[in-house]
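Colleague: The lines below spell out each chain.
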Amino acid sequence: MNRYTWRTGTLEGVMIVIALIFMIPVYVLINLSVRQQSDLSSPLAPTANPTFENFGLAWTQSGLGQAMVNSALITVVSVTLLVVLGSLCAYGLARATARWSAPAFYLFMIGLLVPFQLGLVPLYRNFAGLGLLGTVVPLIIIYVGLRLPFTLFLYTTFLRQIPAEYEEAASIDGAGTFARFRRVVFPLLRPITGTVIILNGLFVWNDFLTPLLYLSGSVNRTVPLAVYSFVNENTTVWPLVFAALLISVIPVLLAFFVFQKTLIQGFASGVKG
Amino acid sequence: MTSPTIAPATEPPPATAKRPASGSSTLRRNAARTGSRYLWLFILPAAVFYVFVVLIPSFQGVFFSFTDWNGLANDWTFVGLDNFVRLFEDPVSVKAIGNTFLYAILSTVFENIFGLLIALALHSRIKSRNVLRVLFFMPVVLLSVVIAYLWQYLFQVNNGAITQLLHAIGLSDANPNWLGDPNLVVFSISAIVIWQFTGYTMVIYLAGLQGVPQEQLEAASIDGAGPIARFWYVVRPLLAPAITVNIMLSLIRGFMIFDQIWVTTGGGPADTSHSLSTLVYRTAFQFGELGRGAAIALVLAVIVAVLGFFQYRGLLRSGGAR
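Heads up: the protein sequence lines correspond to chains G and E, in order. Here the working numbering is used: position 272 in the first sequence is 564, and no number is missing along the way. Here the working numbering is used: position 237 in the second sequence is 246, and no number is missing along the way.
Keep in mind that the hints were calculated from the coordinates and are not lab data. Bear in mind the structure is a predicted one, so any value in this text is a computation, not a measurement. Worth double-checking, as some hints may not be accurate.
[To be verified] Here are the computed distance ranges between Cβ atoms for each label pair:
1) I122(E) to T352(G): 38 to 48 Å
2) T527(G) to A228(E): 28 to 38 Å
3) G277(E) to S333(G): 24 to 34 Å
4) F319(E) to Q552(G): 27 to 37 Å
5) R391(G) to D84(E): 38 to 48 Å
6) A394(G) to V315(E): 19 to 29 Å
[As the list claims (entries may be wrong)] Far from chain G by the CB rule (all over 12 Å, computed), these chain E residues:
7) A183
8) F240
9) D268
By construction, the Cβ of each residue, glycine as well, lies at the ideal position given by its N, Cα and C atoms.
With the rest of the complex left out, here is chain G (with noise of 0.2 Å):
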């Protein structure tokens, strides 16, 4: 049944141009990060005397290193803490029959329809009043916090798939509640797992408002700020701005494109039919 026809073929040259067409603004990120900061001919003109100073220069210009370090810091705190956090939780709230467990379930979910925006500011005069602003500590605090309700989500629903019999199975051997978690029940969360990991990653790594409110001014400053903020002393010289943009973007970019097939089912395992 392997076609391919004629309609294919012209369906997939269509395709291409449309993709093309797409990635403009991404060959227009690249071309102008290789320019010399005198050369101003059309973004769109491929770049005649192709330079990496600019690379070097936004480098060390932009403390993009440090923040780096910060992000990744961030990131990896966070995401551990809502899968450890956040799978121990959903096992007591799935596996859970006092009478409280339903409501507390419940509780856990309105946080999904609560938007950020509404507890940010008492949020901040809180943070403000314990001494923590301009350190990364409220950050991971906000982000377990925030993204717990979907991580919950995420685990419950997978975890009351799961039959209890292999629970059953493991307590006869012996295993106390906890054993029986780290031993049996994390394992077959595996796949729900690499979905947290994913989509809370890449949250936490992209998100630009916390940090600029958290930590503007302050030395450890994460990706996006680090950028918003070299952008903002250098607006003009677009080729330095260009190359701090894309030094900005190579981890996330180099590990979607190692993990792509993963990722994309991460994003996508919302739905199967």
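Based on these hints, arrange chain E on the given structure of chain G.
Modeller: Just chain E, lined up with the frame of chain G:
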């Protein structure tokens, strides 16, 4: 916010309804046997974060939206509905409410039309489909801030890349001020968001299309169904859950839009491109009027909560239908 607080479940959750039926007595026996009285200990650590970051501040937010709090501790008085009255009288915030809906609707409509069309085209025998899927999805993983700056440059007046493209296709007199014209700016920023997230709707549609058997499409086409009839009668019903999830995700993303506006225009020119999110930030953190900021945030919260409620119901229904 780059991505939404609300996102789809791995599976539509039929579990809540199913749970009592699926042998809760077994579970309870099992639980009693292994001491699940301590299960609340599993929940506690997560609950602490959640209460501190979401619940308490949200209640505080609601509370302060009725005050004239300026951020200094304990220096506030109740002003009743003043903040809300001002919100609906001030042309800047009225414009921001309209803009927020416009951002949400424009991005939702076009992300979904483009995403669905691309998904349908890639759900075929074309050889480059995997490469194309990766290319269309790529903007989703890029930093919003980077995308916004990139487009700010593309949208430059006089010889910006997009204007040059217009010239290249024959519109040689066109010189729109994409981000500087109050009548145009919301559409330009929406275009950025659409470019960024079309790949997102595409992968969800592609996943949904995997449930559409090729044989069924072929049978329909042998029966003489054209592409539109095939889509409407064969594909669309099977794609319903993907459509629900995608529309809700795009809408909520659209209503919460912040990064793309803040980076490209900061809400300008003359405060014409604000969304409620950027207005909260400006009012509360740049003007220091925290009470008013909280009121704006509450209006946004009500809009998103109403939507989220429908999303939850929609998910339950599309899950229950099969």
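Colleague: Compare the structure with each hint and give your call.
Modeller: Here is how each hint holds up against the structure:
Range check, I122(E) to T352(G): about 44 Å between beta-carbon atoms, so the 38 to 48 Å window is met. Remark: the range hint 28 to 38 Å for T527(G) to A228(E) is contradicted by a beta-carbon distance near 58 Å. Range check, G277(E) to S333(G): about 29 Å between beta-carbon atoms, so the 24 to 34 Å window is met. The hinted range of 27 to 37 Å is satisfied by F319(E) and Q552(G), whose Cβ atoms lie roughly 33 Å apart.
Roughly 43 Å separates the CB atoms of R391(G) and D84(E), a value that falls within the hinted 38 to 48 Å. Hint check: A394(G) to V315(E), Cβ distance near 23 Å, so the stated range 19 to 29 Å holds. The claim that A183(E) is not at the interface with chain G holds, since no C-beta of that chain comes within 12 Å of its own (minimum 16 Å). No beta-carbon of chain G comes within 12 Å of the beta-carbon of F240(E); the shortest separation is about 15 Å.
The beta carbon of D268(E) sits about 5 Å from the closest Cβ of chain G, which is not more than 12 Å, so the claim that it is off the interface is violated.
Consistency with the previously given hints fails for numbers 2 and 9, ordered from lowest to highest.
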